[in-house]
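K.L.:
Protein chains in written order, with my numbering: chain A, 1 to 432; chain F, 433 to 864; chain P, 865 to 1229; chain B, 1230 to 1594.
Be aware that a few hints might be false.
Distance condition first, Cα-Cα at most 20 Å in a straight line; then the derived PhoX-like pairs of lysine-lysine [stated by the list, open to error]:
#	chain 1	residue 1	chain 2	residue 2
1	P	K876	P	K893
2	A	K428	F	K488
3	P	K883	A	K150
4	F	K860	A	K56
5	B	K1546	A	K290
6	F	K722	P	K1201
7	A	K400	B	K1566
8	P	K1029	A	K262
9	F	K832	P	K1201
10	F	K722	F	K694
11	A	K339	B	K1593
12	B	K1454	F	K694
13	P	K1228	F	K832
14	A	K290	B	K1566
15	P	K1181	A	K262
16	B	K1566	B	K1546
17	B	K1248	F	K582
18	P	K1181	F	K722
19	P	K1228	F	K722
20	F	K488	A	K49
21	F	K622	B	K1241
22	F	K832	A	K400
23	B	K1593	A	K400
Treat the hints as calculated values from the structure; they're not laboratory data.
Please read these numbers as outputs of a predicted model, since none were measured by experiment.
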Amino acid sequence: MPKKHPTPLLDELKTGPWPSFVNDIERLAEEGGSETAADLLGQLELSYKEKEGHWKHGGIVGVLGYGGGVIGRYSDVPDLFPSVAHFHTLRVNQPASKFYSTEALRFICDIWNRRGSGLTNMHGSTGDMVLLGTFTEELEPIFYELTHSKFEWDLGGSGSALRTPSCCVGKARCEFACLDTQAICYNLTKNYQDEMHRPAWPYKFKFKVSGCPNDCVASIARSDCSIIGTWRDEIRIDEAAVAAYANGEIAGAGGGHGADFKLDIQEHVVDLCPTGCMSWDGKKLTINNKECNRCMHCINAMPEALRPGVDTGASILIGAKAPILEGAQLGSLIIPFIKMENPEDLENGLEAFHEFVEKMWEWWDENGKNRERIGELIQRLGLYEFLKAVEIEPDPRMVKEPRSNPYIFYKEDEVPGGFDRTIGEYRKRHAR
Amino acid sequence: MPKKHPTPLLDELKTGPWPSFVNDIERLAEEGGSETAADLLGQLELSYKEKEGHWKHGGIVGVLGYGGGVIGRYSDVPDLFPSVAHFHTLRVNQPASKFYSTEALRFICDIWNRRGSGLTNMHGSTGDMVLLGTFTEELEPIFYELTHSKFEWDLGGSGSALRTPSCCVGKARCEFACLDTQAICYNLTKNYQDEMHRPAWPYKFKFKVSGCPNDCVASIARSDCSIIGTWRDEIRIDEAAVAAYANGEIAGAGGGHGADFKLDIQEHVVDLCPTGCMSWDGKKLTINNKECNRCMHCINAMPEALRPGVDTGASILIGAKAPILEGAQLGSLIIPFIKMENPEDLENGLEAFHEFVEKMWEWWDENGKNRERIGELIQRLGLYEFLKAVEIEPDPRMVKEPRSNPYIFYKEDEVPGGFDRTIGEYRKRHAR
Amino acid sequence: MELPENYMKDRKTDLGPPKYDQFWPEIIKNNYGKWKLHKILEPGVYMHESETGEKVYTLRCAGTRLMSTLHIEDICKIADQFCEGFVRFTTRNNIEFLVNDESKVGPLKAVLEANGSMPIGGTGAGVTNIVHTQGWVHCHTPAIDASGPVKAVMDELFEYFTSMKLPAHLRISLACCLNMCGAVHCSDIAILGVHRKPPVIEHGNLINVCEIPTTIASCPTAAIKPYKDDEGHKSVQVNSDRCMFCGNCYTMCPAMPLADGEGDGIALWVGGKVSNAKSAPMFSKLMVPFIPNEPPRWPTTVNTIKQVVEAYAADAKPFERMGEWAGRIGWERFFEKTGIEFSHHHIDDYRFAPTTWRTTPQFKF
Amino acid sequence: MELPENYMKDRKTDLGPPKYDQFWPEIIKNNYGKWKLHKILEPGVYMHESETGEKVYTLRCAGTRLMSTLHIEDICKIADQFCEGFVRFTTRNNIEFLVNDESKVGPLKAVLEANGSMPIGGTGAGVTNIVHTQGWVHCHTPAIDASGPVKAVMDELFEYFTSMKLPAHLRISLACCLNMCGAVHCSDIAILGVHRKPPVIEHGNLINVCEIPTTIASCPTAAIKPYKDDEGHKSVQVNSDRCMFCGNCYTMCPAMPLADGEGDGIALWVGGKVSNAKSAPMFSKLMVPFIPNEPPRWPTTVNTIKQVVEAYAADAKPFERMGEWAGRIGWERFFEKTGIEFSHHHIDDYRFAPTTWRTTPQFKF
Ligand code: SRM
Ligand code: SRM
Ligand code: SRM
Ligand code: SRM
Ligand code: SF4
Ligand code: SF4
Ligand code: SF4
Ligand code: SF4
Ligand code: SF4
Ligand code: SF4
Ligand code: SF4
Ligand code: SF4
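This is chain A alone, in the form it adopts within the complex:
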């Protein structure tokens, strides 16, 4: 197919070593014969010229019975680019940790070639497969095809609802994993389908699960509830491998600094341990595990010699989010350690955790203002109010340091004699 719209500016993005999305879209337009792809390039070229986007505020579109999973989108220059007049997006809930069979992928591609633009995001920032650009009338057919397939695909979340949970690769291919990240992610997604598809909350809510404190799914920055694997026993040490590192027989950091990187155990491991709980006498590496905060650094640096302990569980941090509106937040440590056993058992696994989650949601639902994330609500009402709601005792592990201001709000029942006093009594002791 000949080029529909000239794109001199975008053409400059075709060269260079990094794969070019322009080439790819153009290929879809030309080789795949997609009008949508051609019009998308045309509209994008216009944006490159004007330095302004050309999509309108999304209207409310979706599939019956769901309040989310589809993002409506319309062009504001539909006359110029009629094939992208509608350009709605579907969020398809990815399988946990994003392994696919080619059969599964091809199934999606097939639908999308027939009923959508043929363009995707693999993946969206939350973790969904994002199918980019279709018309309103295609939404229900697509949904039917997805759900009635062998794989029984479903949509992910959007709006003021539970968003699609996601996780790191975990035990599937990582020796550091202290959690069954996929199983936890799957458990939560399956258990909270109603919360995902029928927005009923003040705002969005996200779960992310990382198998260890390296946090490869960025949960501590990007999820209202961050589940991070950790352990409470001792780091396992393989002394022979320690010696091999010392002798330069194994490249440091799992080879991540290049094969020729010589690890200096003192300088690169012991001296960088944040708690100073390691020592190295040139022969023996000693870890005072009681003082270790499980940051992972030493394990990252010497993965063949050191491994996390075996009594594993999760730390739960609440409230991470992007800056709208009160400024960005990282997750705050709420449950220092919780066992996360049997997540494969959808009925009876993770019961204690579910209980926590539901208490949290209830409190948020009752107290949150419109468009107030749980982290912002905690900021507004105070961490202790949240702890009371989820029935967790205050713990010094929840703070970097105790308060430094003297403004404590004592409650009446904490103070002998209560708050009721009369000036008459006072004046008996103290003349005016």
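Please arrange chains F, P and B with the ligands on chain A, whose structure you already have, making use of the hints.
P.N.:
Chains F, P and B with the ligands in isolation, oriented as in the chain A frame:
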């Protein structure tokens, strides 16, 4: 004189190794025959019984032409303790760094025995000599006697005025001093007498001057304008003395950890240097002065081997204060380095600094709300507004780190085309 | 699939995602939870060894994220040829091909290289894929494009994608507006689209598409007030002095667009991190408040990033992330060594501003 | 002095303080700015050596701060006998006698010891005088006494005043109300008087002694509202739920006292510092939210402080200040090692609260 009021509770504070204020007051009552001292003990005993103070809110008392220097105080149980019915305090401006001749002290004592309670604070928290407890009718006579004496004593500050500046012992008896602390303190006090005696500001304002970053007058925590000595050349090293420390010939930390404390140069000095800019090979101590932040630690630890540089000046930090109302503040670094030359010259010394101070006051005076310290005003209006007022360029040294939120208030003149746009123009490019 | 006539009848909902383990290659199934160690053999190629003695080899290659079904089909073909028909995507949108035998690594590499659109790399102490968002390709609030700047920056930093010679991981993210869907707030380097003009208001239409009270309430700085225009339309107006261009009003009310070719552009941020290794997670800090939009290749943005990466590469110690480096040398040195200009915009003036001011005379000349 | 009849006529004002250098002993005059080094010879006794070779010996002894003219006369006598008639006070209210010859140290010590009220000490790595405020001796807003608790605590910690065996300086301060005239907000250990009952309001008199709008405006939490009592008096009322007992209303309005024998008491704080040595200055953090007033010797307060000092003494490294120690071992360990209880009051809920929450899974079991 026999005991006027029984004080069984206070009597329990007469024993123990620390000097007893109860003994001292009782001595004044008995040996000195002071009714005031006796009544004070009586009233204090009552407070010890009831666990409540017995002083009333101070009325406005003072000396003619001054808006401060006297704190009015009345007993709320004057019938029981008539000699402390009035118990006003005078703040007498101490000589910088608090050296006295016995003649000077006796002069004060003499007035105070005749016209006051005979009780003092040596010294008040701001730095004044505090004369504790007299009657209203004595205030003017005391003031006359103070000012007409050989030493020409004057009152210090109180109220919404400049408070009595104070300083560390500095060059008078400290080898670390990078500033003429007394001279600076004296210069400021003399130059700003009107600001001290005639409250005209939104709230109080304090200067404190420390000769080096050890900050022995706690200026960074307790003064709106903290002046801290520092240097910009190199730490002076006496290599022979370094060797002596290494050999254990000199006790570390100037003997401050006991004569038998053996300094380990690596462990106690180099490893504790916050910038990591020192190194020690067992023979030679090297300092990369460019990376030194002049924290003083190494000098404190080895005062016979290391000394501050000789190109000295001050860092100026603004805004320290106690918590009322927005929470406590430490001083924020505003002028990283300024020479403080010739402070003895009251007319022409410190001109650049005076200019800065006056710009600061002007801005505060114009913008500050009632009872708003300058630090709180800076918090409210932003550090940059303050910098503009004092005509100082922003510098990364003013922050621990740059902002992490994206909320920048651009001004119209920073943005090409300005802020005025019409929806018509916009809609030409973007259909509804 | 044949769509039944009444496809609205026989609906299935609340299925959730397909179960993950059906997509695992044999070697993953067999060694789930048994992995013992990993070795990065060369940039983009790493091996995990199991307690069972088995080894899996992963080849990671660049994903554009915005990809066509044709490209996915290319991926599938390769996965069929080498990987028993399985493939995975990483949390940063790279593509991972897993093979169960070292002998397959060479041929797989050759095929990927031949493809031309799947460069291998992104592991260890280098630059991996840029997490990014929609930009002008799909969203309605962007101040910048996403895929374009990403392509331009990655072209420039490509040598760091295919090598592991930086002091540590360097994670770059992009978000096209302050909503920060790219969650750029904790990245070593972040590229953020920013508006700089207050919303322009469609008074004649506002009341038809927005609720006035909600619109007013949406503004975090209370810059929005009720208004009636000359023609008597009920509407709102914005106090420009209080506007910080967050765009929340536009999210709530389509009659208040912020986008403007001259006003919009890029802010660069630096020194954030997510992992808990050594130091706790940190927010990214402002590096360059504004760079104009320069499509198609955003040269100023690209060069500035390059400049900073080179300064970091030259000066940081092994294992030191960007933010750890800046913290150790001090931000005054960071600005000096990178040659970036410090301005009053770098001084925080939002909610926690005072906690960022320097309250010590400790500084470096 | 003979007071003239009309002493209001011939006034002198704006004199400022006497010039400092007239009070310097000869040896200070001669060596001003020339000091080269110091040595603490024993607790409370230190020597400064000048570039001229001269040496000055300082004996530091405890000042009660609240002192009578009789005590000052005692000081003067000693200063006359040994110090050419000069003496100084330190910034923490100790008394310093300076002598210009080592031979005078012994006899001076003997005289001080004989006095009984001037114990020598307070230098180096120990506990020096407690900076404190007025308490029930003079102020109208205190929640506790000042001199009494200071005496009780110093009696208990006396061995640390006369020795230098702690890891580093340990600075204790006391303030009798939240105004914090003792500036206790940056002390290794701080003793703070706190109210815990909202003001009791004298409706019948308020309007006579207070301006209602100023009173309302004085409250940082907006807890105060206008009110009319049954008898029609214009007054204010306080929403107890919003009151944090700061006392600012009472400062502005005498008809709103907070003091209450049962409600008032002591909060203990820990880990602040002022000096810039090693770490930057730090605020003190809450240790014990409340201990009831226990005159005359405040045993719970005294014992708690002792307990914490002992834990610090046993565990901290040389040169490590209290706050540096807590920061290194982590606050969970601090509470464990000191045996102090952690409660919800320790979790900040004021303006910058979120910046104090722990945003990492890094913690110690
Ligand atoms: C598609 C996606 C970006 C992408 O290119 O990948 C996306 C796209 C949008 N996000 Fe997002 N967000 C996406 C992940 C995120 C993330 C990252 C994450 O989930 O890990 C964040 C930051 C983390 C967080 O939740 O705070 C994020 C924070 C926001 C915010 C700010 C929320 C806040 O509390 O600060 C908004 C604003 C809003 O909700 O109105 C927003 C709003 C939006 C909207 C719906 C625009 C709007 O104002 O209504 C965007 C629709 C764009 C479009 O037309 O396609 N999006 N959004 C991501 C979802 C794909 C998926 O399901 O996988
Ligand atoms: C006498 C003294 C305490 C002492 O025992 O030493 C003192 C006593 C009072 N201070 Fe103070 N302040 C004294 C030094 C301080 C300091 C320490 C300093 O200056 O280094 C501070 C903390 C630093 C600061 O300025 O922030 C201090 C912070 C306050 C505050 C809180 C100010 C704030 O912005 O947070 C108040 C409240 C007020 O101003 O209403 C206050 C108020 C008061 C009042 C006037 C009470 C009142 O509410 O009106 C006290 C009178 C007590 C009396 O009856 O004697 N005083 N006050 C100190 C002055 C003596 C002198 O001149 O040498
Ligand atoms: C594949 C992936 C997980 C997944 O489920 O997809 C993954 C896989 C591994 N990560 Fe990761 N990380 C992955 C995203 C992340 C992220 C998330 C992100 O960047 O958004 C982080 C947090 C980054 C941050 O702090 O900003 C992350 C922080 C780490 C760290 C900590 C590095 C540090 O110095 O702070 C390690 C440890 C290390 O590399 O030594 C690590 C280590 C590893 C190891 C070595 C784990 C293992 O034993 O298998 C894996 C190979 C590392 C490599 O690339 O060199 N992984 N890793 C993700 C690959 C993304 C990509 O395509 O490039
Ligand atoms: C006399 C006095 C200055 C004055 O003008 O009166 C003074 C004198 C000295 N100080 Fe100080 N400091 C004095 C109050 C302070 C204060 C203020 C305070 O505590 O309110 C501080 C800040 C305390 C803080 O950080 O909380 C202070 C922090 C220091 C430091 C830093 C210690 C640290 O590890 O952080 C040093 C260095 C050292 O001791 O090695 C120091 C060092 C010194 C030296 C060694 C300086 C010298 O070379 O002469 C003096 C003898 C020290 C000693 O006592 O062991 N001085 N020093 C003050 C005595 C107070 C007292 O009676 O005990
Ligand atoms: S978070 Fe930990 S367990 Fe998960 S992939 Fe990363 S390193 Fe492995
Ligand atoms: S995990 Fe971190 S804290 Fe624990 S020993 Fe290793 S480096 Fe130290
Ligand atoms: S602040 Fe510095 S110069 Fe002043 S007394 Fe203390 S150590 Fe000496
Ligand atoms: S003064 Fe401080 S920063 Fe400078 S070299 Fe000495 S210890 Fe290091
Ligand atoms: S960052 Fe902003 S512009 Fe980009 S996709 Fe998200 S909401 Fe849209
Ligand atoms: S852009 Fe943000 S600050 Fe500006 S008017 Fe809209 S909501 Fe308010
Ligand atoms: S701290 Fe409070 S009670 Fe004590 S003197 Fe200062 S104002 Fe008065
Ligand atoms: S004590 Fe403070 S918080 Fe309470 S009513 Fe008075 S001013 Fe308000």
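K.L.:
Taking only the CA atoms, is the gap from K1546/B to K290/A under or equal to 20 Å?
P.N.:
holds, 18 Å
K.L.:
Take a quick look at whether K883/P and K150/A sit within 20 Å of each other, Cα to Cα.
P.N.:
Holds, at about 12 Å.
K.L.:
Taking only the CA atoms, is the gap from K722/F to K1201/P under or equal to 20 Å?
P.N.:
Holds, because 13 Å separates the two Cα atoms, which is no more than 20 Å.
K.L.:
Between K290/A and K1566/B, is the straight-line Cα distance small enough, at 20 Å or below?
P.N.:
The hint holds at about 13 Å.
K.L.:
Assess, step by step, whether the Cα of K622/F is no farther than 20 Å from the Cα of K1241/B, and give holds or violated.
P.N.:
Measuring from Cα to Cα gives roughly 14 Å; hence the hint holds.
K.L.:
Do the alpha carbons of K1228/P and K722/F lie within 20 Å of each other, as the hint requires?
P.N.:
holds, 7 Å
K.L.:
What's the verdict on K722/F and K694/F, does the C-alpha distance respect the 20 Å limit or exceed it?
P.N.:
violated, 29 Å
K.L.:
Straight-line Cα separation of K428/A and K488/F no greater than 20 Å?
P.N.:
holds, 14 Å
K.L.:
Within 20 Å, alpha carbon to alpha carbon, are K1248/B and K582/F?
P.N.:
holds, 12 Å
K.L.:
Could you grab the alpha-carbon distance between K1228/P and K832/F and see if it respects the 20 Å cut-off?
P.N.:
holds, 12 Å
K.L.:
For the pair supplied as a hint, K1454/B and K694/F, confirm whether the alpha-carbon distance does not exceed 20 Å.
P.N.:
violated, 63 Å
K.L.:
Can you confirm whether the C-alpha distance between K1593/B and K400/A stays at or below 20 Å?
P.N.:
Distance of about 12 Å is within 20 Å: holds.
This entry does not satisfy hints 1, 10, 12, 20, going by the numbered hints stated previously.
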